[in-house]
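J.: Sequence:
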Amino acid sequence: MSFITQFPLSNKFYLILVVVDRFSKMAIFIPAYGTLNSLELAQLLISHVFYKHGLPVSIVSDRRSLFVSSFWTNVCQQLKISRDLSTSFHPETDGETQRVNQILEKYLWIYVSYHQDDCHTCPPLSESAYNNA
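Residue numbering for the sequence shown follows UniProt numbering, starting at 1 and increasing by one per position.
Any given hint might turn out to be false.
Pairwise CB distance ranges (calculated) [what the hints assert, rightly or not]: (1) Asn131 - Leu55: 30 to 40 Å; (2) Ala133 - Asn74: 36 to 46 Å; (3) Ile110 - Ile81: 30 to 40 Å; (4) Thr73 - Tyr111: 27 to 37 Å; (5) Asn74 - Tyr111: 34 to 44 Å; (6) Ile110 - Ser69: 15 to 25 Å; (7) Trp109 - Gln78: 15 to 25 Å; (8) Leu125 - Gln78: 30 to 40 Å; (9) Lys106 - Arg64: 33 to 43 Å.
Within a straight-line C-alpha distance of at most 16 Å, the following computed EDC-like cross-link-like pairs (lysine to aspartate or glutamate) qualify [to be verified]: (10) Lys52 - Glu105; (11) Lys52 - Asp21; (12) Lys25 - Glu127; (13) Lys106 - Glu127; (14) Lys25 - Glu96.
If you are wondering where the hints come from, they were derived from the structure by calculation, not from laboratory data.
Ideal placement from N, C-alpha and C gives every residue a C-beta, glycine not left out.
With these hints in hand, go ahead and build the complete structure from the sequences.
T.: The structure is reproduced here in structure tokens:
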């Protein structure tokens with residue numbers, strides 16, 4: 001699980017949460033606000049991932065403050081989800097998500113309009129293209 005943040009502000013969305021299932025290789029792209037906190041992250045995962053696909057056994061993420069906060073730690077403990085934090089300068093820990101991030105960035109270049117004001121509409125198209133390729 002990681003974020004892509006390198007695209008223009010679009011309809012108040014500034015980043016995309018990227019979730020990759022390590023078993024099926026299926027990806028989920030969720031647009032989010034730039035000021036995302038741990039509670040909002042939990043709500044996004046519950047409504048977009050856990051609701052549709054069930055609870056994961058473990059989550060691999062970077063050491064971003066959102067993922068190491070006490071709230072997020074408590075959420076994972078309550079849901080019995082193991083947290084695996086990747087280490088700095090070792091992208092192979094979560095290399096699969098990093099590869100998906102690169103592919104998503106290419107899709108965004110394809111789908112985003114010339115004015116770059118519709119990035120928030122691209123994740124569903126990109127997700128469909130990636131998962132059906």
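J.: Now look at each hint and say whether the structure bears it out.
T.: Evaluation of the provided hints:
Checking the proposed 30 to 40 Å range against Asn131 and Leu55 shows it is violated: the Cβ atoms sit about 20 Å from each other. At about 37 Å, the beta-carbon gap between Ala133 and Asn74 stays in the expected band of 36 to 46 Å. For Ile110 paired with Ile81, a C-beta distance near 34 Å keeps the hint of 30 to 40 Å intact. Taking 27 to 37 Å as the suggested C-beta distance range, the pair Thr73 and Tyr111 conforms, at roughly 36 Å.
Between Asn74 and Tyr111, the C-beta spacing of about 37 Å keeps the proposed range 34 to 44 Å intact. For Ile110 and Ser69, the Cβ-Cβ distance of about 35 Å falls outside the hinted range of 15 to 25 Å, so the restraint is violated. At about 39 Å, the beta-carbon gap between Trp109 and Gln78 misses the expected band of 15 to 25 Å. Between Leu125 and Gln78 the beta carbon distance is about 34 Å. The supplied range of 30 to 40 Å therefore holds.
Against the hinted window of 33 to 43 Å, the Cβ-Cβ separation of Lys106 and Arg64 comes to about 23 Å, which falls outside the hint. A C-alpha spacing of about 25 Å is found between Lys52 and Glu105, which places the hinted pair above 16 Å, so the restraint is violated. For a cut-off of 16 Å, the pair hint linking Lys52 to Asp21 stands: about 13 Å separates their Cα positions. For a cut-off of 16 Å, the pair hint linking Lys25 to Glu127 stands: about 12 Å separates their Cα positions.
The straight-line distance between the Cα atoms of Lys106 and Glu127 is roughly 12 Å, inside the 16 Å bound, and the hint therefore holds. As the CA atoms of Lys25 and Glu96 are separated by approximately 8 Å, the hinted pair is consistent with the 16 Å bound.
Comparing the model with each numbered hint stated earlier shows that hints 1, 6, 7, 9 and 10 do not hold.
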